Amino acid sequence: MKLVLTTEQQELRQAVRGFLAAASPLPAVRAAMESEGGHDPEVYRRINGELGLSGLIVPEEHGGSGAGYAELAVVLEETGAALLPGPFLATTLAAILLRETGDKELLPGIADGTTVATVVLDGNRALNGAEADVVLSIDGDRVRALRGGERTALTTLDPTRRQALVEPGGDVVAASAEGVARARDLFAVAVAAEQLGVLRASLEAIVAYGKVRVAFNRFIGSYQGVKHRLADMHCKLEQAESIVRHAAWAADEAPEELASAAALAQVYVGRACFEVARDSLLLHGGIGFTWEHDAHLFYKRAKADEVLLGPPRIHRARLADLLEL
Amino acid sequence: MDLEDYRQRARAWLEANAPGDRPEGAPDESGVAAAKAFMAKLYDAGYSGITWPQQWGGQGLTQAEERAFAAEAARFTLPTYVFSIGLGMCGPTLVDLGTDEQRGRFIRPLLRGEEIWCQLFSEPGAGSDVAALQTRATATDGGWVVDGQKVWTSVAQHADWGLLLTRTDVEVPKHKGLTMFVVDMHAPGVTVRPLRDMTGRAHFNEIFFDGVHIPAENLVGQVGDGWSCAVTTLLHERLSISSGVGMGGQKDNPVAFDALRTTVDTGDPVVRDQLVELYVRSRALALFNQRLAQETKAGIFPGARGSAAKLLLAELTMFQADLATSLAGPEAVAHPAEGGYGGGLANAISLAPAMALGGGTNEIMRNIVGERVLNLPPEPRTDKNVPFKDLKTSGGLPS
Ligand SMILES: Cc1cc2nc3c(=O)[nH]c(=O)nc-3n(C[C@H](O)[C@H](O)[C@H](O)COP(=O)(O)OP(=O)(O)OC[C@H]3O[C@@H](n4cnc5c(N)ncnc54)[C@H](O)[C@@H]3O)c2cc1C
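Line order of the protein sequences matches chains Z and D. Just so you know, we're using full-length UniProt numbering here: the first sequence kicks off at 1 and counts up by one. Just so you know, we're using full-length UniProt numbering here: the second sequence kicks off at 1 and counts up by one.
Hints are computed from structural coordinates only; laboratory data are not their basis. The structure displayed is predicted, hence computed values, not measured ones. Be aware that a few hints might be false.
Claimed, not checked - Each pair of labels, with its calculated beta carbon distance range:
1. Z:ASP252 - D:ILE300: 45 to 55 angstroms
2. D:PRO387 - Z:ALA215: 29 to 39 angstroms
3. D:ASP28 - Z:LEU282: 46 to 56 angstroms
Unchecked claim - Which stretches of chain D does chain Z cover? Using the computed rule of at least three CB atoms under 8 angstroms from a CB of chain Z, they are:
4. 92-100
5. 376-383
Beta carbons: idealized from backbone N, C-alpha and C, even for Gly.
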């Protein structure tokens with residue numbers, strides 16, 4: 001079991017973190033979310049071009065770099081922490097589904113960043129469904145792909161990432177019962193990795209504020225009412241990170257452990273992420289409730305992610321089934 | 001050796017050598033004898049003092065192997081309770097800070113279970129704020145004389161040696177006038193009185209020192225440097241508690257997930273979901289501990305993050321005992337004299353608070369995580385720059 005990042009993974013993290021800090025800091029995220037398309041196409045082009053992120057997990061024979069899910073988790077943690085707008089997660093979920101079911105046709109376009117894809121989730125919703133070139137849907141063991149079709153933009157709680165109602169269907173591009181099952185677990189791992197990043201950034205924001213905001217002639221972080229909650233939030237971060245690393249490791253190297261590790265990741269990290277984002281917002285005081293402050297963006301992303309793959313109870317029920325309870 | 005191989009071998013050894021029955025917490029004299037015999041075997045097999053320097057009788061491996069062994073041992077029930085203080089706290093302190101004579105004299109017998117150790121820090125007026133302690137050590141010819149009282153001292157009734165924190169100077173601020181010693185628990189003037197705790201048994205004791213002589217060579221560290229020595233001990237304490245070093249194990253623990261799933265009715269959706277919650281919390285902490293172990297192996301020392309693991313363990317211990325007793329209902333609180341299932345649950349809920357108190361309370365762990373992991377500003381202190389003799393004291397415990 002590998003729960004610690006390798007040197008290469010740390011370098012990948014630094015590269016993505018450094019890039020996002022320069023190209024997509026929070027003021028830019030706000031500008032992007034208020035723009036027509038909801039994201040900055042230039043940033044999206046560069047993360048796929050310069051950093052090669054859309055091709056990260058695409059096998060080399062289809063033009064990607066054939067990296068593992070542990071690397072993907074490192075990247076998603078960073079895009080989550082940065083609240084990166086746009087179709088990166090959507091396209092990543094599509095890449096996971098296609099890689100696991102053995103598609104050859106669509107992966108090259110995803111790898112080179114020319115195809116924006118998404119996957120139909122429950123209720124015919126899809127992340128970035130309005131702007132995706134290709135909408136994938138799961139039909140039993142088969143994966144169908146549709147270019148075009150009806151798209152209806154939805155109003156989202158999380159202003160940093162859009163969703164739309166889409167039409168499932170289209171041509172069958174791949175089929176594999178096992179691949180579809182694995183892909184569903186991998187969606188859970190991918191979202192958990194993003195949640196870990198949202199959690200970490202929410203905690204970092206309030207820890208920093210606790211060191212500068214003064215009340216009653218003391219920094220608020222020196223009050224135990226604040227400090228002890230931050231300590232509890234840190235405990236959640238430690239456990240969440242351990243769970244995500246384990247799930248990503250299982251995805252790459254221990255397929256028999258993947259299902260329960262993935263369900264665990266959604267049950268624990270989904271909740272922890274929302275709780276930490278919520279407490280971070282609350283501990284900021286009144287400023288945390290303003291539109292101008294970023295706390296609500298993390299809070300809303302955390303809630304959106306917690307229910308992205310369905311109501312949280314489904315992950316708990318799945319875990320219970322896997323444990324044969 | 002690869003960590004996975006190490007783990008497999010440890011498992012095989014444990015399967016062949018771990019005694020089967022669960023020891024009832026604080027052991028009696030025959031239990032102590034059996035525990036000593038087991039420790040000798042454990043030492044000879046190379047599983048005692050896994051991280052300790054080879055020169056002094058250890059194995060010279062890392063915390064990764066130690067945690068790997070502890071993770072395997074958690075599936076068994078080992079009678080190591082009486083050694084937990086020596087292995088987790090006193091020994092590591094001597095390895096870090098002792099003289100070569102002290103290391104040569106004390107470490108091997110500790111690791112082989114020939115000698116039992118206790119940790120003499122807390123006093124009636126000084127627990128969380130241990131630097132407020134009042135037990136005095138006064139210099140005399142060839143050594144020191146100690147007078148005072150310690151309390152809550154685990155396993156002292158069986159101990160041969162104690163790691164003792166004393167005050168040697170009241171004219172300087174509290175943290176500056178402390179000094180650490182090794183004290184012979186059989187020396188004249190040492191009185192050990194077992195205290196009956198809430199489980200009805202005696203896990204800890206009160207200790208009286210009346211003119212006890214300590215030879216000069218038993219000084220640990222420097223005179224006046226006891227606080228930094230104590231910090232070393234406490235760091236080891238939290239890491240060892242969280243990693244399960246010297247802990248009895250979960251195998252026959254009736255409130256752990258594996259046991260509970262076989263005894264409760266999971267057909268009830270509420271019960272089923274409560275078990276999921278227990279699984280999630282147990283697994284989250286186990287993975288965190290494994291990650292700390294792997295980081296250590298990679299050269300990242302966990303430091304104060306061990307306090308986060310200790311806090312989580314305290315919360316989990318309380319949560320699982322609380323859940324198990326609630327799921328069982330009346331059986332948990334009224335059981336036949338011979339104990340049985342209900343007796344096990346009653347014991348678990350009685351013992352549960354110990355983890356949240358011993359080794360530092362949950363509040364103190366949160367202070368440490370806040371101040372030393374997150375680097376939050378400290379609380380304002382009024383006790384730091386004042387001579388000890390001018391400070392308020394608690395005036396002891398209510399009787
Ligand atoms: C089972 C068990 C075994 C033990 N074994 C040993 C042993 O072997 N050797 C040894 O030396 N000691 C031992 N102890 C003692 C233990 O370390 C102390 O009980 C503990 O540190 C608390 O100190 P106290 O009892 O004086 O409580 P107090 O310090 O009086 O605490 C009372 C309450 O005040 C809170 N509090 C205190 N200071 C603060 C603060 N700064 N911020 C917020 N809250 C605060 C505490 O959290 C607690 O809730 C043991 C205790 C137990 C229960």
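How the hints compare with the structure:
no., hint, verdict
1, Z:ASP252 - D:ILE300: 45 to 55 angstroms, "22 angstroms, violated"
2, D:PRO387 - Z:ALA215: 29 to 39 angstroms, "32 angstroms, holds"
3, D:ASP28 - Z:LEU282: 46 to 56 angstroms, "52 angstroms, holds"
4, 92-100, "violated (count 0)"
5, 376-383, "holds (count 5)"
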